[in-house]
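Participant: Chains as they are written, first to last, in the numbering used here: chain A, -3 to 266; chain B, 1056 to 1570; chain C, 217 to 410.
Just so you know, not all the hints are guaranteed correct.
[As the list claims (entries may be wrong)] What follows is a list of derived Cβ distance ranges for each label pair:
#1 1486/B x 356/C: 47 to 53 angstroms
#2 355/C x 217/A: 45 to 51 angstroms
#3 1445/B x 267/C: 32 to 38 angstroms
[Said to hold, decoys possible] Here are the computed lysine to any residue pairs in the SDA-like style, where the Cα-Cα straight-line distance is at most 20 angstroms:
#4 1485/B x 1420/B
#5 410/C x 33/A
#6 3/A x 1256/B
#7 36/A x 261/C
#8 3/A x 1255/B
#9 1485/B x 1539/B
#10 36/A x 257/C
#11 36/A x 260/C
#12 36/A x 405/C
#13 3/A x 53/A
#14 36/A x 409/C
#15 3/A x 1346/B
#16 410/C x 32/A
#17 36/A x 264/C
Please keep in mind that the hints were generated in silico from the structure rather than gathered at the bench. Just so you know, even glycine gets a beta-carbon here, dropped at the ideal spot from N, CA and C.
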Amino acid sequence: MFTTGFKLFFGLFGAFVVAALIYGYSTGGDSVGPLSLGWKGAVGDHIGYGLLLALATASLMISVVLVSYRDADADAQARLQNLAEVPTDSTVTASFWPVSASFGVGAAVLGLVLHPLVFILGLALVVLSLIEWTIDAWADRATGDTEANRALRNRIMAPLEIPIFGALAIGVVVIAASRILLNVSQLQAVTVAGVVSALILAGAWLYVARPGQSRRLVRVLGAVAALGLLLGGVLAAVAGERDFEHHHSDDHNEESYESSSEPSEGENFG
Amino acid sequence: MTLTESATADPQVASAATAVTTSTPGSETQTLAQPFVTSDGSAIGRLFVMVSLLWAMFAAVIGALVAFGRSDAVEPAEVFAGLNAYFRMWTLYRVSLMLLVLLPLLLGVAMVVVPRQVGAANLAFPRAALAAFWSWLIGSVIMVVSVLAGGGWGALDGVTRNEGDAMALTLLGTGLVIVALLMGTLSLAATVIALRDAETSLLDVPPFAWSMLVASAVWLFTLPIAIANIVVVYADLRGRAAIAFGRAESPDIWLQLDWLFEQPAVYLMAVPVLGIAAEAVSAVLGTRFGRPEAIAAIVGIFALLAVGGWSQDYFTAPQDLRDGLVYVAFGLAAVVPVAALIGALGMQATQNPLKPQQLIDTRMIGAAAALLVLGAATVVGALRVIEPLDLLESSATWAVFHGVVTAVFIAAVVSMVHWSSELFDASVSKRASGASVLLVGAGGGLLVLSDLVSGFISEESDIMALALDGSVLLNVLNFVGSVTFALGIAAIVAAVAQAMRVREAAEATLQASTA
Amino acid sequence: MRTTALPAPVATRPRTVAVGSLLATGAAFIAFAGLVVIYVQQRQHARATGQEWFPEGSVELGPAGMMMMTLVLSMVTVQWAVQAARTEDRPHGFIALAVTLLFGAAVINQFWFVYADTAFAIDDGVAQLLFYVVTGSFIAMLLAGLAMFTVTTIRALMGSPGRDLAHTVQAAAIYWHMCVLCYFIVWYVVFINK
Chain A
-3 MFTTGFKLFF GLFGAFVVAA LIYGYSTGGD SVGPLSLGWK GAVGDHIGYG
47 LLLALATASL MISVVLVSYR DADADAQARL QNLAEVPTDS TVTASFWPVS
97 ASFGVGAAVL GLVLHPLVFI LGLALVVLSL IEWTIDAWAD RATGDTEANR
147 ALRNRIMAPL EIPIFGALAI GVVVIAASRI LLNVSQLQAV TVAGVVSALI
197 LAGAWLYVAR PGQSRRLVRV LGAVAALGLL LGGVLAAVAG ERDFEHHHSD
247 DHNEESYESS SEPSEGENFG
Chain B
1056 MTLTESATAD PQVASAATAV TTSTPGSETQ TLAQPFVTSD GSAIGRLFVM
1106 VSLLWAMFAA VIGALVAFGR SDAVEPAEVF AGLNAYFRMW TLYRVSLMLL
1156 VLLPLLLGVA MVVVPRQVGA ANLAFPRAAL AAFWSWLIGS VIMVVSVLAG
1206 GGWGALDGVT RNEGDAMALT LLGTGLVIVA LLMGTLSLAA TVIALRDAET
1256 SLLDVPPFAW SMLVASAVWL FTLPIAIANI VVVYADLRGR AAIAFGRAES
1306 PDIWLQLDWL FEQPAVYLMA VPVLGIAAEA VSAVLGTRFG RPEAIAAIVG
1356 IFALLAVGGW SQDYFTAPQD LRDGLVYVAF GLAAVVPVAA LIGALGMQAT
1406 QNPLKPQQLI DTRMIGAAAA LLVLGAATVV GALRVIEPLD LLESSATWAV
1456 FHGVVTAVFI AAVVSMVHWS SELFDASVSK RASGASVLLV GAGGGLLVLS
1506 DLVSGFISEE SDIMALALDG SVLLNVLNFV GSVTFALGIA AIVAAVAQAM
1556 RVREAAEATL QASTA
Chain C
217 MRTTALPAPV ATRPRTVAVG SLLATGAAFI AFAGLVVIYV QQRQHARATG
267 QEWFPEGSVE LGPAGMMMMT LVLSMVTVQW AVQAARTEDR PHGFIALAVT
317 LLFGAAVINQ FWFVYADTAF AIDDGVAQLL FYVVTGSFIA MLLAGLAMFT
367 VTTIRALMGS PGRDLAHTVQ AAAIYWHMCV LCYFIVWYVV FINK
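In isolation and in its complexed conformation, chain A is listed as follows:
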């Protein structure tokens, strides 16, 4: 009649109630204060008394629900669905969104202290991840066919994901590359751009020339390049742009560039 889970949590409820009463009376409670939640008389130390009662309440709530669920025993769950046998828990496909949500939370936490923009970006990432996560969870159980579920999920989300993530990726690449190129001197910027372009060209040529090479290697190289670009962009953004000296004349504006960490006397955009 009374299930094991009920006994555990109801036992905790009883113990916490008794503990709260004894604690209340032994820390300054008087009259019927601890018995009447402080309605008549003092309850003693509020922290201990209050928390022990809260623990009792939570234990009672869990025990009542558990006994109504019959401890969520397998046969009870089967009966709930009018099934002869208990269903096995269904397969959950791999998903990147939980990790993405975690990084979003991490960014939001950092942003609370470092900068509001980081906080907002982190929060946006959390919201986006939770939406994707919800869709993934729905798609996992849409039909009994895993491939069809994946196709269904992509049909709903791809029209949103491709433009949004494409725009985000382009934006990140443009911003990160521009921060790097604006941080180094003019000559270095040209060199960096030239070398990186040559590397991309060489990489693409190799990929075409040897189509059988490991996809894993290509992915790793792509991930390393993306991370490098992102890290370089962040570091360059933190370091700031090089100094721009503007020389105004009557017929044209002329800029001279100088890579220096010291602010120049001219107008500084950095």
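Could you slot chains B and C onto chain A? The hints should help.
Facilitator: What follows is chains B and C alone, placed relative to chain A:
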């Protein structure tokens, strides 16, 4: 050609290769992306185990340096460049042992073992469990880096504005770590309750699964209170001069959270020790304990006595707390379930004459050591609440903490040996794990002893237990204990690393044979 | 893609989400209780030392009572949504969801009014700080409950016919009822017994 016939000269690798091929259904192919996307509860559990062992090394080094600061060789402030820095490390050592090492280590082991024990194909909410791991990892990095950058849980000697910001990050990191651990705990508890197979009622689950279920209840009932403390402190700390709770220039922040590391809440780490010990002893003896409901009751009673948070002495004067009968009763009663389990398992072990190989089995030695050290910790805890002994505000507090930490770490080593094939698909070196048990036990014993004796002889209460009344012997014992403890951690980390290498070799063998 | 031609999804364990929600609800309640007991203890300390907690007349009971009424009504609409999900009654389900969302928004709006009405600054004192901590945490919990309830209800109502997803709505309902309990505590502790 079967795997065991594959051309490998190493029998350990061959057996691991067999284990790899027979691992759980639904386990995914190892890829670089796997830790980021996996929905396999076992893989998530392994991630928890691996990373928490790395944090264990870190915590052990910090602990040894803090102990060095207590020694007479140097002034405490000299070890970490200033009294504030010493206080930061002193607190970081304690927080990281609980939140970055022991709780996630136990959780990780349980995520691998418990679903199999209850007949579930996977963990409940595996995506939430994956988010829990990454949130825990990110939170722990934020917490540790911010402490190293001048943050922490308060200070002793004034702070700069940057240090105040770093403290805010420390608090947020701590909160994130706790929330993440709660998510993982929830996932585990839901597995035991709702995903059991048709043959297993809740009372029939093995002792470890039961102890983890009960521990989950304790964690879910206690850790949220720490989050409440953090919210109050953070709200006061940020943006303006603190009014009451977030005074960064004082140790007040730590004093609002230290209840988590003192009895009764400190015992929340130790609840699974009882389950691990019961299972290890039964496995070595080859018999099941005759009265499983007795084990369940013992674990349940110990768990009740481990629920903390109501005993926060920052808001309640320690004197009032001591006068409260409940605090004293909890302190004294905690001895009983541990003693009962020691007695029950002792009787089970002596029903038949023990064979020599049973006596020297790492699991048997480890289980006995874990229970005895935990028993000693609860006895010290009982002494601490006896008012005439005047130990409540002394370093005896940390004797209890070190006793519990030692017992839990030994139990974790036992679990890694006992369930090595589930955890690592390879066996953990018995020699290295045995050495780990002995070193951690010896080191922890010295820490408990030095803290307890200094608690008796010290006349002044000291938040960091710096004053040891000039006893060179105690200070040296404490330092030696810390170093020995660290060596014990290093031994099990080495053993696990070796097991992982064997597993990787097995996977390579498997791939070669498949090709 | 014609999903009707595909195999039906395998049945899942109906209680898993509800049990998870139950445990999370218990933990959230304990966290909230941790805040409230600090509030009560500090107020008791202030009274014992002869200090004023809130300035006389600064915290009105009227809006707080309205919020209590609103949330009690929302408990009914939440259960209405659970029942609608159980019977796969989409029209009633969506009406119940909309009314619950309206009630939730009304409570948040009323809190906005209370904040404007009291005009406390968070650094005015311990009372004001804890007032914002307790009520702000409650609003955060309420928002989480609204999000959870909306997602589970829409999933249940939009799901394939014959799939029992009412238990997920029930899981969200358990959390919602706990939120109302938490507000009852706020109502009594912060607004009535000020």
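Participant: Next, verify each hint and record whether it holds.
Facilitator: Going down the list of hints, with the structure as the test:
1. The hinted range of 47 to 53 angstroms is satisfied by residue 1486/B and residue 356/C, whose Cβ atoms lie roughly 52 angstroms apart.
2. Separation of residue 355/C from residue 217/A is about 47 angstroms and conforms to the stated range, judged on CB atoms against 45 to 51 angstroms.
3. The hinted range of 32 to 38 angstroms is satisfied by residue 1445/B and residue 267/C, whose Cβ atoms lie roughly 33 angstroms apart.
4. For the hint pairing residue 1485/B with residue 1420/B, the CA-to-CA distance comes to about 12 angstroms; that is within 20 angstroms, so the pair holds.
5. For a cut-off of 20 angstroms, the pair hint linking residue 410/C to residue 33/A stands: about 16 angstroms separates their Cα positions.
6. Using a Cα cut-off of 20 angstroms, the hinted pair residue 3/A and residue 1256/B holds, with the two alpha carbons roughly 13 angstroms apart.
7. At roughly 18 angstroms between alpha-carbon atoms, residue 36/A and residue 261/C fall within 20 angstroms of each other, so this suggested pair holds.
8. Restraint check for residue 3/A and residue 1255/B: the C-alpha separation of about 17 angstroms stays at or below 20 angstroms, so the hint holds.
9. The straight-line distance between the Cα atoms of residue 1485/B and residue 1539/B is roughly 19 angstroms, inside the 20 angstroms bound, and the hint therefore holds.
10. Between residue 36/A and residue 257/C, the direct Cα distance comes to roughly 17 angstroms. Compliance with the 20 angstroms bound is thereby established for this hinted pair.
11. Among the hinted pairs, residue 36/A with residue 260/C is consistent with the structure: their alpha-carbon atoms are about 15 angstroms apart, no more than 20 angstroms.
12. Taken as a hint, the residue 36/A and residue 405/C pair is honoured in the structure, with Cα atoms around 15 angstroms apart against an allowance of 20 angstroms.
13. This hinted pair checks out: residue 3/A and residue 53/A have alpha carbons roughly 15 angstroms apart, not beyond 20 angstroms.
14. Restraint check for residue 36/A and residue 409/C: satisfied, since their Cα atoms lie roughly 13 angstroms apart, inside the 20 angstroms limit.
15. At roughly 17 angstroms between alpha-carbon atoms, residue 3/A and residue 1346/B fall within 20 angstroms of each other, so this suggested pair holds.
16. A C-alpha spacing of about 18 angstroms is found between residue 410/C and residue 32/A, which places the hinted pair at or below 20 angstroms, so the restraint holds.
17. This hinted pair checks out: residue 36/A and residue 264/C have alpha carbons roughly 17 angstroms apart, not beyond 20 angstroms.
Of the hints listed earlier, there is not a single one the structure fails to meet.
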